[in-house]
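**Q** Protein chains in written order, with our numbering: chain W, 1 to 358; chain H, 1001 to 1360; chain G, 2001 to 2286; chain S, 3001 to 3261.
You may find that some hints are simply not true.
[As the list claims (entries may be wrong)] Subject to a maximum C-alpha distance of 27 Å in a straight line, what follows is the list of computed BS3-like cross-link-like pairs (lysine-lysine): (1) G:2142 <-> H:1253; (2) H:1255 <-> H:1167; (3) S:3057 <-> H:1056.
[Unchecked claim] Partner residues aside, some chain S positions facing chain H, computed with beta carbon under 10 Å: (4) 3032; (5) 3100; (6) 3126; (7) 3206; (8) 3207; (9) 3208; (10) 3209; (11) 3210; (12) 3218; (13) 3225.
Honestly, the hints are just simulated from the structure, not real lab data. All C-beta atoms, glycine included, are put in the ideal place defined by N, C-alpha and C.
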Amino acid sequence: MEKRTEPAASPLLLAMRGIVKTFGRSVAVDGIDLDVPERAFLTLLGPSGCGKTTVLRMIAGFETPNAGEMRLDNTPLADVPPERRPVNTVFQSYALFPHLTVNDNVAFSLKLRGGVADIAVRVRRALDAVHMADFGQRYPHQLSGGQQQRVAVARSIIAEPRLLLLDEPLSALDRKMRGHLQIELKALQRRLGIAFVYVTHDQEEAFALSDIVVVMNKGRIAQKADPQTIYNRPADSFVADFIGNSTLVEGRVLERRGDAATIETALGAITAPAAEGLAAGDAAMLVIRPELLSTRGEGEATFTGSVSNCVFQGERSMIQAEVAGVPLRFAAETPYAVGTPVALWLDASRSFITRIAA
Amino acid sequence: MQCFTLNRRQMLGGLAAGAGLSLLGPMGRASAAVSEIVWATWDSNGHPEYVAAFEKVTGTKVKLSFLSSEDAQFAALKTGSASDWDIVNPSLNGSWRYIKAKVLKPLDLSKIPNLAHMYDVFKTTDKVKGEDGATYAIPYLWGLNPIVYRSDIHTEEPTYSTLFDPKFKGQLAMRDYALESIAIAALHIGIPRERAFLLTSDELVEVKKALIAQKPLLRTYWQTIGDLTNLFATGEVTAAFSWRVPYDALKDKMKVAMAKPKAGIMGWCDCFGIPANLSDEKVEIAYKFADYLLGADYASTIADIGNYATTSSIIRDKLSHEKQEAIFVDDLSVMQNFMWPVAPDNYSEWLKVWNEVKAA
Amino acid sequence: MMVRQRHLALPVAAAIVAGCLAPLAVLVAFSFYEVEDFDLVPAFSFRAWGELAVSSTDWFLIGKAVLSGLSATVFTAILGYPVALALTRLATSGKGLAIIVLLTPLYTGEIVRIYAWRIVLGGEGLVNTLLQGLGVIDEPLKFLLFSPFTIGLVLTYNNLPYMVLAIWVSAEMVDRRLIEAARDLGARPVDAFFRVIFPLTTPGLAAGSLTVFALAAGEMLTPSLLGGTSGSTAMALVDNLFGTAFDWPLASALALALLATLFLVASAMAGLLLRFKGARAVMGRV
Amino acid sequence: MRRASLCVLIVAAAFLYLPLVVLTAFSFNDSALMAFPLSGFTFEWYRELAQNDNFLKGFVTSFLISQPVGILAMLFGLMASLALTAPGFRWRGLFAVLLLIPFLVPKSVLSIAQAMIMSRIGFERGATALILAQSLVALPFATALISAVMVRLDPRLIEAARDLGASPWQAFLRVLLPQIRPALSGAYSVGVILSLADLTIAMFLAGRTQPLSLMVASEFRRELRPDLNAMQVVVLVLTAVLVGLSEAYRRRRLHKLAANA
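Just chain W, with the same shape it has in the complex (with noise of 0.2 Å):
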């Protein structure tokens, strides 16, 4: 993959600090600060509850924030209401008006600014770029459940917002029909050079899109930065936890060097990179991405155990191996009985030694 520019690099379109939510007595936003660049595609990603559709929500105006400040542009939100931010959500169901076409969905802001001349042919031009240009006749009820979404896009760009913002726009379509509509919408927003600000609870897909991914949990920001970071890097077990199939292993810090750390763990003392600040003595995890395990390797194999699961997944299967009591997964070509003996080589060199998540 390329190498992408550092967030820093652009100009700042939205800036959050200090931003707190809470509901009653529950805390859904607990003090983050977040920066969206100009043009950019970040993605928040964490698992439901985290507080990242609330973030959202605050940006769009339909919550306020309890303490903190956000600006855009460098203009403070805090009283604008939501018909006055430069700013449209694709919302999760689409939320198309059903009492109106899918022409009228689309137009729908221009009509509300009255003295727009060329509304048809605006409407024409967005509903082009997601290919629905033939449907414009028709109710949402007519539509599937790919064609309401591109409607909703059409729908939120129609009126050039600052910032667009999408709500888990794929998660109620198909496999198949959300990674068409994946690449499509990266497409759409290089072309439209507008920031998206893109919330998942699926990481393949918030990495395939974003420039920045924010990992949360429970109401903070526990991962900013791009997605080979995220994914080789994790800041925490939290984070490390959330993305891939890793095995995380806990232990003790016996040595610091330079970027790499040994560490003690139940599969013996292993050694490599290591999170900044974790020291001699430190309760540290160990990340073990299937990847990094090998059934062939050269010298003497750093684990031996036996298959205790395979799940065939069909180019390839996903076994997990006991290795003095902690369950390893790797990928293999072929399936595996269970209790068949295993020899394991581990890449260690990229592997992490992450912190412990409070």
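With the hints as your guide, set chains H, G and S onto chain W.
**A** Frame of chain W, contents of chains H, G and S only:
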């Protein structure tokens, strides 16, 4: 789901209630002959206090069913929708309708000993007799309908024409009743009292005009006497064609007085009657009640509380002169001056006029 | 076995036919009868219908019934929308309480409530005393009581809960995100109301309107006790013809004419409201 | 936004409760006349009310009548709703129109017509007639309440139950009924409320039965008495207490359910 228990309990309660009702029904009916009679009467003739003595002596409960108008009473009897009434209350002057329509039972006068005390004017009236010579109704209570007015506002005693005087715009009220209202308007436009209830179609047209012209002057039409009392008490109305009830209710609280217009005082006299289809087991107790109405207990309570006189002289001499004066029995010749409201032959025309006035 | 479910319509239909259609059919029959000497005589006479046809009073009162039904509908709708929408914003626990608060006034007896209004609106009543005390007016406002204003006010009061309930139920079914979507796309709250909420709640509005129209057009106690000299109603006239005048044929004819008129107006009203695109969208999905 | 909603609700409640506040005030007013100004505080009217057997009887009568009305409205509403949502019901439209009729005909016209037909066929007016007539008027409301919930139910749930071996009756009892129970409860309440508040039907059909509303109207005909205000206040408070208790009970059950789950 959360409503389940509540719901079940409600349902059980309801079932029990239903069972209770079905028990009540037959029990109530079987024992009604002895335990209860229903008296359809005016709100001013029948208070629980007035019948307490009767209930005590006979052990029969008197249930009061208040009338809204004489016409409604007649219609209810005629259509059989009054099946719950055991004793009814035709007016002296309206009795002929009931008799002609055969909705009353001929009466056995020997079963009402107190008839002996009745004033002659009532004893001798043939208005309650049918063509067969039988008596169908017994007059028992009478009085007059005055104009009740606020004496602090009306310095002169009002006449019927006061009720048409623009000077008192927004302070006047008429009863929502065709018979009396039209007759009053007729007197106001100069039709002599003898013919006030015998208007021709042309005269009705004139009366209608007067009543429509009166409308803007009126605060409202009153529906029930409680309604009118409330209107006086709240200061909405200062003069109205009335019954005497508001005067008695309010005389200690505000300056109110009664006027008896010289153009013609509306008198009224109510009669006792038994519906033609009343079951035999109830007839006996009904006669007892008729005797009670002409007896001393009813006369003295209603003279005392309601300020009305019965048709019986039984207690007259025991009353103070003030009381005699208050209930107009000090000089019985007053009755000679009464106008007795009576439904005319072209009554439906009257009703039509009245409805047109109200809708105008 | 499932086939039997629709047969449950039979007892219900039978009950309505016996309890409702049969009496109305009797009205039709009676409207052709004659009255002789206080007796209803079977006949085939057009006397009542003829009299009704030329009676300007009767038609005036029928028109008045329609008008008061319509005005109560309009007023309750205008007042009902903000209340219903405010109710949708309550937390779930608050909604249970709100429905009780809304329905409790309906428990009170009609008559007692009517006299309470007299105390509120009378010449020496609450409102006038208050306004005079504040120096807003010198003379009591007489129009507050015993006027068409009073009828309008109290009919609105009596029927507001029904309208609120109907709109509320409908508004709860509108996906909140649609309103957010509208706001997001630049709609001010008032735009969001007219372009999204209103079209999508027209079925509720239609239900509420039918309820209020039928109830208000048929009221007779409130107008007669609070309307002063303008309190006459077609219903009171039917009652009068039935009870006082003993003219059952005319009473029946008038009642039927009133009914037919109310039916016509109600169906026109429902038809009009349900022609909105929103109603079709909502109904179409169900 | 929230504040605006709250303001609207407060103003609406003030409007709806204005007459009730006034009658409460006069129920404690030391004067037999319902007119301003208030003259003093007294419990006299409540005392009189407590001594008035008639009112108690009227209240019991009204209550006893309202219960079968609630139940009939609920049962017939349920039957009507089941029919309305039945698959392949050809007369659905016609049936729906039929259901609307008792509702669109003004109560007084209907009651007059019913009284006429009853006097012709010799059906005695009274509690039974009143219960039947009130149930008929409540039927459209009850049906609307129940079928509104029913049309939104997933028909697959019934199919799932049948698939798992339930007979239609069992499917109804175990799957449908639990889901529409709140609606049934609502239909029952509507029937009870309509019955308790009804005066018009009672005027024409009550016969010898004297429900509270009729008694109040009759008493008011003679005299406007403050103990009637007191009675209204008592009825209101009783209702509020009952509703409050059942709500508290419901919540406690919910808590219990949550705790057990």
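**Q** Return the status of the interface hint for residue 3225 of chain S: holds when the least beta-carbon distance to chain H is below 10 Å, violated otherwise.
**A** 8 Å, holds
**Q** How about residue 3032 of chain S: closest beta carbon in chain H under 10 Å, or not?
**A** 8 Å, holds
**Q** Min Cβ distance, residue 3210 of chain S to chain H: is it shorter than 10 Å?
**A** Holds - the Cβ of residue 3210 of chain S comes within 10 Å of chain H, reaching about 8 Å at its closest.
**Q** A closest beta-carbon separation below 10 Å is what the hint needs, so does residue 3208 of chain S meet it against chain H?
**A** 4 Å, holds
**Q** Any CB of chain H closer than 10 Å to the CB of residue 3209 of chain S?
**A** 9 Å, holds
**Q** Within 27 Å, alpha carbon to alpha carbon, are residue 2142 of chain G and residue 1253 of chain H?
**A** 24 Å, holds
**Q** Under the criterion that the straight-line Cα-Cα distance not exceed 27 Å, is the pair residue 1255 of chain H, residue 1167 of chain H satisfied?
**A** Between residue 1255 of chain H and residue 1167 of chain H the Cα gap is close to 20 Å, so the pair holds against 27 Å.
**Q** Take the shortest C-beta to C-beta distance between residue 3100 of chain S and chain H; is it under 10 Å?
**A** Not OK, violated: residue 3100 of chain S not within 10 Å of chain H, min 26 Å.
**Q** Can you verify the interface hint for residue 3206 of chain S: is its Cβ closer than 10 Å to any Cβ in chain H?
**A** At 9 Å from the nearest chain H Cβ, residue 3206 of chain S passes the 10 Å test, so the hint holds.
**Q** Was the hint right that residue 3218 of chain S lines chain H, CB cutoff 10 Å?
**A** 5 Å, holds
**Q** Hey, residue 3057 of chain S versus residue 1056 of chain H, does the alpha-carbon distance stay inside 27 Å?
**A** Given that 27 Å is the threshold and the Cα spacing comes to 20 Å, the pair holds.
**Q** Would the hint on residue 3126 of chain S stand, with a C-beta cut-off of 10 Å toward chain H?
**A** 8 Å, holds
Violated hint for the displayed structure: number 5, the only one.
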